[in-house]
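Visitor: We have chain A already, so just place chains B, C, D, E and F on it with the hints.
Protein chains: 6
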Amino acid sequence: MNKIVTFGEIMLRLSTERHLRFSQAKTFAASYGGGEFNVAVSLANYGIPVEFVTRLPENEIGACALKEMRKFNVDSKNVIYGGDRLGIYYLETGAGTRGSNVVYDRANSSMATIEKGSIDWESVLKDATWFHWSGITPAISESAAQECLEALKVAHKLGITISSDLNYRSKLWQYGKEPKQVMPELLKYSNIILGDIDTALFMLGKDKVSPNYQDEKSLPVLYDQIFKSCPNLKIVATTLRYSVSASHQRIGGILYDGKVVYNADVKEVTPVVDRVGSGDAFMGGLIYGLVNDVNNKQRALNIAVAACCLKHTISGDYNLITLNEIEKLLSGDSSGKVSR
Amino acid sequence: MNKIVTFGEIMLRLSTERHLRFSQAKTFAASYGGGEFNVAVSLANYGIPVEFVTRLPENEIGACALKEMRKFNVDSKNVIYGGDRLGIYYLETGAGTRGSNVVYDRANSSMATIEKGSIDWESVLKDATWFHWSGITPAISESAAQECLEALKVAHKLGITISSDLNYRSKLWQYGKEPKQVMPELLKYSNIILGDIDTALFMLGKDKVSPNYQDEKSLPVLYDQIFKSCPNLKIVATTLRYSVSASHQRIGGILYDGKVVYNADVKEVTPVVDRVGSGDAFMGGLIYGLVNDVNNKQRALNIAVAACCLKHTISGDYNLITLNEIEKLLSGDSSGKVSR
Amino acid sequence: MNKIVTFGEIMLRLSTERHLRFSQAKTFAASYGGGEFNVAVSLANYGIPVEFVTRLPENEIGACALKEMRKFNVDSKNVIYGGDRLGIYYLETGAGTRGSNVVYDRANSSMATIEKGSIDWESVLKDATWFHWSGITPAISESAAQECLEALKVAHKLGITISSDLNYRSKLWQYGKEPKQVMPELLKYSNIILGDIDTALFMLGKDKVSPNYQDEKSLPVLYDQIFKSCPNLKIVATTLRYSVSASHQRIGGILYDGKVVYNADVKEVTPVVDRVGSGDAFMGGLIYGLVNDVNNKQRALNIAVAACCLKHTISGDYNLITLNEIEKLLSGDSSGKVSR
Amino acid sequence: MNKIVTFGEIMLRLSTERHLRFSQAKTFAASYGGGEFNVAVSLANYGIPVEFVTRLPENEIGACALKEMRKFNVDSKNVIYGGDRLGIYYLETGAGTRGSNVVYDRANSSMATIEKGSIDWESVLKDATWFHWSGITPAISESAAQECLEALKVAHKLGITISSDLNYRSKLWQYGKEPKQVMPELLKYSNIILGDIDTALFMLGKDKVSPNYQDEKSLPVLYDQIFKSCPNLKIVATTLRYSVSASHQRIGGILYDGKVVYNADVKEVTPVVDRVGSGDAFMGGLIYGLVNDVNNKQRALNIAVAACCLKHTISGDYNLITLNEIEKLLSGDSSGKVSR
Amino acid sequence: MNKIVTFGEIMLRLSTERHLRFSQAKTFAASYGGGEFNVAVSLANYGIPVEFVTRLPENEIGACALKEMRKFNVDSKNVIYGGDRLGIYYLETGAGTRGSNVVYDRANSSMATIEKGSIDWESVLKDATWFHWSGITPAISESAAQECLEALKVAHKLGITISSDLNYRSKLWQYGKEPKQVMPELLKYSNIILGDIDTALFMLGKDKVSPNYQDEKSLPVLYDQIFKSCPNLKIVATTLRYSVSASHQRIGGILYDGKVVYNADVKEVTPVVDRVGSGDAFMGGLIYGLVNDVNNKQRALNIAVAACCLKHTISGDYNLITLNEIEKLLSGDSSGKVSR
Amino acid sequence: MNKIVTFGEIMLRLSTERHLRFSQAKTFAASYGGGEFNVAVSLANYGIPVEFVTRLPENEIGACALKEMRKFNVDSKNVIYGGDRLGIYYLETGAGTRGSNVVYDRANSSMATIEKGSIDWESVLKDATWFHWSGITPAISESAAQECLEALKVAHKLGITISSDLNYRSKLWQYGKEPKQVMPELLKYSNIILGDIDTALFMLGKDKVSPNYQDEKSLPVLYDQIFKSCPNLKIVATTLRYSVSASHQRIGGILYDGKVVYNADVKEVTPVVDRVGSGDAFMGGLIYGLVNDVNNKQRALNIAVAACCLKHTISGDYNLITLNEIEKLLSGDSSGKVSR
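Chains as they are written, first to last, in the numbering used here: chain A, 37 to 376; chain B, 37 to 376; chain C, 37 to 376; chain D, 37 to 376; chain E, 37 to 376; chain F, 37 to 376.
None of these hints come from the bench; they were simulated from the model. There may be inaccurate statements among the hints.
Chain copies aren't distinguished; within one or between two, either way the pair holds.
[As the list claims (entries may be wrong)] DMTMM-like, lysine to aspartate or glutamate: derived pairs with alpha carbons at most 20 Å apart:
| hint | residue 1 | residue 2 |
| --- | --- | --- |
| 1 | Lys107 | Glu94 |
| 2 | Lys39 | Asp156 |
| 3 | Lys207 | Glu96 |
| 4 | Lys62 | Glu96 |
| 5 | Lys373 | Glu96 |
| 6 | Lys373 | Asp234 |
| 7 | Lys193 | Asp163 |
| 8 | Lys253 | Asp293 |
| 9 | Lys207 | Glu94 |
| 10 | Lys107 | Glu96 |
| 11 | Lys373 | Glu304 |
| 12 | Lys270 | Asp293 |
Next up, chain A with everything else stripped away, as it sits in the complex:
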């Protein structure tokens, strides 16, 4: 079995509808999501066996999150239980020149208060071929960072491919450590990193640079600094996002494998139904592409960009797009014709 394991937090997402401001809302749409879970749903949709590991509270709201995992065919058998609450994020969806607004309420969640050593990673990962995590988990608490390290060590020992999404959020990292104190040790196990060059160097404690993603000549020099810090690294990839407005994005992507800089064409994304989770959709597409043909990096990147673009048309955190829809877009058909 070709099982992929992702590890992180799943939250309750409370979003206003029809572009309402928080102060106008009498109802919140309730859904569930979180970076690493979103990646898991993408993969499950593409038909890949996938498991999500997290810690849930033993209450009705945690039970709802568990049902969501099951609904979307994400294995939950190694989920652990404990702690007091499911993390929450509030989302007010913008439009045009008004950006979306996120209010986090995820402190003291069951995942943030995970106790080090509470997951038996040897057992969890014994059938896995791929492990995915992101920079959010080490940002929420020290024990979560430690559990992440534990997982990475075991995954590395078992020879499992490790992918990392940097996912830097300045509002997190509140427990007294800075990214550069924590991330280098975690990132050194990575085979694949998703994130832009700046963020990677920042997290690795390096000096700030000014990457020009249009200049394929200068990029390898910058990327090589990341490769030097991460001895297992094979691929760094980034979504290239140009925000015309909250309702109009232009999405491309770039991938470097230590030798070649791959570029994907920029696509128009308008209107934007929901952009939250579009980075996770890129990651899901990239993993899918590499799992299916590790040597065709251009195609993996193209799939990642197409998945990211299509995600913007889906409400909620995760990418409910089919492989057929990705193939159609890759074939150049962005016409959005009615299928009937």
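Guide: Just chains B, C, D, E and F now, with coordinates in the frame of chain A:
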């Protein structure tokens, strides 16, 4: 009285709201529609006496469809009853690069199981001046095709104008006959055909051609093949649709009367609220235009294109646009200003 | 205290949702609004003490309007009570080439039937530094026009800054007087007028002109006609609006202070969530800008244009935009990025 | 043809949902209704040809009311147009010990401002066998009362059965006349009156009495006072309503034909989904019963009570109950079993 | 593993909300259900491993049903795919004296057109200890009846406990066979039958009797007729339902094991949120009780009745009640106190 | 001025609609509430100047709570800001035998992390005549308990009437202290205590007793134990609640003033729309009654019981009932008639 009769199937339409995927929907918006009924509603809105003939099941769902006809002032006095079910179609509305998705569940509907000869067309059409049908009806079952032929023979005998929308749907035609075995006999009564040249020739069993609608010189040659097979034909018209994305269409139109090629300017349609039924809106506009001034074909075409464009701003299958709104757009005002 | 007082009518707004036509609606979204109240809410959002004076019916619907004032921190202590009904306007929100549609039902409202002299303006305005009214109030009834005049006289006597939004609506002015019979006497107290040159001259009973807002040379000549009729006038400003479609607007602005013509850059506004009240948002921004720095007219105009643009992304009549969001847009960031 | 004509006002009804108070509502459910129209819908549901005569404003809201008439198969061919607005009533639905709350906003409606003589009653009633009106119409304005009298004179002249629902509402009658100045002249044409004895005598200008509807001996004496004032009277009937709470009613009925007092068993009605219009449902049932068998007054009364009870389970003003459901309840089956 | 397998059809359920009639509905609540699936969900909620076997169409609607199985932790690994459509039932929820109304649209569903032999029952049942089916499956088509027989033969051979819910629906059985021609052969494998005596004897082709469930003396005689026809029978149980109204039910139960008649106290059920599936909730409770303690039949019956009662408070087909809630009700606490 | 001050926590309430279970909900109704705030809203509705003191987070969700205070005319001028989050409670509304279910997520709220001494009570209370608090505040954190004590000392010093609702919730009190260690010191300042005898004695560290509220002879003996511990006590009152089911309550009340036992008649409450906050409605009614006539304790108790009963018909935490509605119920009219 200047009554127009349309004949076909009315279905229950179950659509997800706010671009949700089927798997996200906890509710379906329930409305009613079908190509020939949609044309009838357009005409009723324009103040033309119109009647819709169909077969409905004698249950509560059929009764809802009947109330819908009444609400929109479409005469239902010759509707017949029987069979087991109202046909259904599920609609998932796309956005941007994700197209809308239709799942048909219309097999064995009351209309599909209509028994030949169950409608007294002499009586139905005795006060009519126009009869409209489409290629969907002969596609759903052999008996429906036969009933269609019956209607056409009577309409022709009574000297009524006959308009036909080709409406080719490859998923239909499942009962063992191909279009070319059925359609030529039906189309030969047509005075007006709506459809592109390819589809017309395909249905008439002719060879495939490659029409260039921008080239007004080559078009008459292609159109003449259709005119040759349809001895009563006076007009062929087509919507010209350029899909930028599911949310952005560019709509034009072309009309040929055996002598002159008429063109309507292409209009931008963005955003698209609902594009289902926009072809029927074109048809409704064309009929209205011809009924009002049969000699002003350019104006009839312009009305058809304007109606089609405006339909994209309306939720549901049919075109709830007023003549005033069409006139405003025809006058060049596409500004969408608030009327107050 | 730096209190601003606005005076006018607050109405119940009944709008269809998701671009539905009136005939499709089974529910109306119920909110509240009116030009001068909308300005008050803008100012309250910007942290300025503001009070709204109006007349409400003593029934449950009037009580809802009162709760709305309180919710948005608009002082209601001088609201008076009486009359039979809260005015209503129905709104059908358009899209693309289909414009929004407003049906007024505000005749005989409590505000329209206000009795002259029923408000003690000396008391109301004694702590105020600014009084704002619009051309809607004198348009709804003779007694409302008289009460407006009363307020203006007192405000003028007390040396309070007076701003006036011309807000011409041809469907109003049904009580037997024309604008030119009423408005000149009211406008002569104005220090600031919002409205285009045509409308101003029309209301002042002057000849029609053809202003070219792109030509900064000819503008002062036209503006000077307004200044001549309004001896207290310091500033005339206008929103410049280019309607591409109901879903796409281009918004700029112009301001003249008797000496200099100020221009604000035109901004793209797409999509339009709700354009009703965007003129009031401009007014609110202008007042805020002038209150904060009366000498920086360019900045006041820029704020007004930014507020107007951002309003188009908000459902409902009033502008629930923060100063931070305005500053972000003024700084050139129209990217609509997620704030998280 | 056995056409019944009803005459009165149709209003827009704006109701809060799920027992919300007005101040909690962000949406109003929009439906249409009014006493005499509600009776028409009942009759249409029972398969009786029925026409509703009213005056509608020529705007989009009036057009919605017209579509509602059509949907429910009520003929609207003699509706006249003019005036400014459709009347409104706001409804807050109570529960338990909290009663429902109605706020009227119907002054100056198109119906209230009807001009005397604007309906050609000779033409309207020439095919009718029954005319129904209620005490609401003469209560809203003098001209409406006059138009009512006009209709009654013509109906009487043509020998049409006339039914009258007293429908006394103290909040109406604001135009300077009291019921006793207007109603006696109108009621004298009545063949059938619906209303309790008190109200009837009050409207006829008689002394107050204390009817005991349980005492079949004293009732004829009281009823005879009504018969004396109304020379054409054949039947007086009343709903007997015992309100346990807003959610629990007990409904009976009584009918007197000048000779015999008929009683219908009291039925439990709990829960109450919507009680507005239940009196009109009684009236509709009574008319239906008498139209079908004028001699079986007991059965007509039983149908009226059953229809009234079942109406309480239907949202909205009018009674969407089938004859089958009435028959089932009349047969003693109040079990509410699932029909499948 | 103690796996239970249930076999049958899962349908899309389209229900009106808030007691609306079909003709009032603009949306349908979309959920999924069917007798045997409902039993499976009950058991999954109680923590018992359970699998549902059915045939689904390979379209988006079938995919939704599959996601529903997963969400509620019902194993779907032996579901087969094919056919054209998911069966539908429309539900209009009644209140008080108006019963709920079901319109079936399930003919030609994927399950009805299942081909005999398409399920490998030896494989499906090899780990199972219990097999549950109902009389609906043999009622929908001949091939479904045959597949049912196939399953029963294998289950019997493997020594698995077999439970049968008679579930007689007169509207089904349309394929040319009567229950008595089909059911005796199927029921003879039953160890447990749920259904009343009348229905059982009717399906077994016996004479009609008049059971008095209050008379525990006469019951064994009647039950023995069933036992005689079903050589493997151990238990017959029935829900006893007294319908006061659609909103008020009184629920008891009876169980006979060939020797003793067990009775459960009648409980008041008011209000009824949704009664569809309450019989399946009884069945789920009974199976759970017997699986946990096969010898304590009184307790199993009590659990079944409590589960059935509590189901009436849940929207949708299946019983989302916890064991704790059942225990609370069994302990005599029907107070519905807030748990906080 | 007769200002009342209440002090406590306001939370976001997320409730499922239409009796849905948490796992069925795709939306949560968002409202705001909390015991002491609910009391404040009651009083504001009755026209009494009232202020609520709490601590709110400086984010968008805190701003929504603030707007809610304003909307319902509760003064917020002494609200302080800080901390990370607004507390939440999730509510699943039961029906019949299924009780409602509350999941608390209020740990680490801004109110729970209030710092001792952060409110200037001398200033807050200088214009007040009444101070109300409840046992929830000292239960959430030690600093909240300390701030409560601070307030009580100042209130006592200023001679302000102090009312206390015991509001014992076993799930709170998690910070290491038991009620009996904290509450006696707080309760000793009370003039009025709301709560049953058991709870009062438990919180005061006394032995458990078995009060019989029907026995007015034994009650004074039990009450006197409370009076002994609380030297300032004048009144103890209790809601008497008999839960027939989640949808049917029977509500009475009892009040003891050290001399006389007052009883209010038990009223039927069915159906229950929302019972959360009904105890706070009792408290609000009691305070209102005593503020208006401190000597008429019977009437104050009656008002409290009526307010409590009527609250059950209102969605959301607080009691949006008018004085008129209370008077109507007190006058014996529980008929729930339509007011029109």
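Visitor: Are the hints correct? Go through all of them and say.
Guide: Comparing the hints with the structure gives:
1. Lys107 with Glu94: both (19 Å within a copy, 17 Å between copies)
2. Lys39 with Asp156: Cα proximity of Lys39 and Asp156: one copy only (17 Å, versus 27 Å across).
3. Lys207 with Glu96: between (28 Å within a copy, 15 Å between copies)
4. Lys62 with Glu96: Classified as between: cross-chain Cα gap 14 Å, same-chain 22 Å, threshold 20 Å.
5. Lys373 with Glu96: between (41 Å within a copy, 17 Å between copies)
6. Lys373 with Asp234: Classified as between; 18 Å across copies, 39 Å inside a copy.
7. Lys193 with Asp163: within (13 Å within a copy, 36 Å between copies)
8. Lys253 with Asp293: Cα proximity of Lys253 and Asp293: one copy only (14 Å, versus 54 Å across).
9. Lys207 with Glu94: between (27 Å within a copy, 15 Å between copies)
10. Lys107 with Glu96: both (16 Å within a copy, 14 Å between copies)
11. Lys373 with Glu304: Answer is both; intra-copy 16 Å and inter-copy 16 Å each pass.
12. Lys270 with Asp293: Classified as within; 6 Å inside a copy, 64 Å across copies.
Checked against the numbered hints given earlier, the structure satisfies every one of them.
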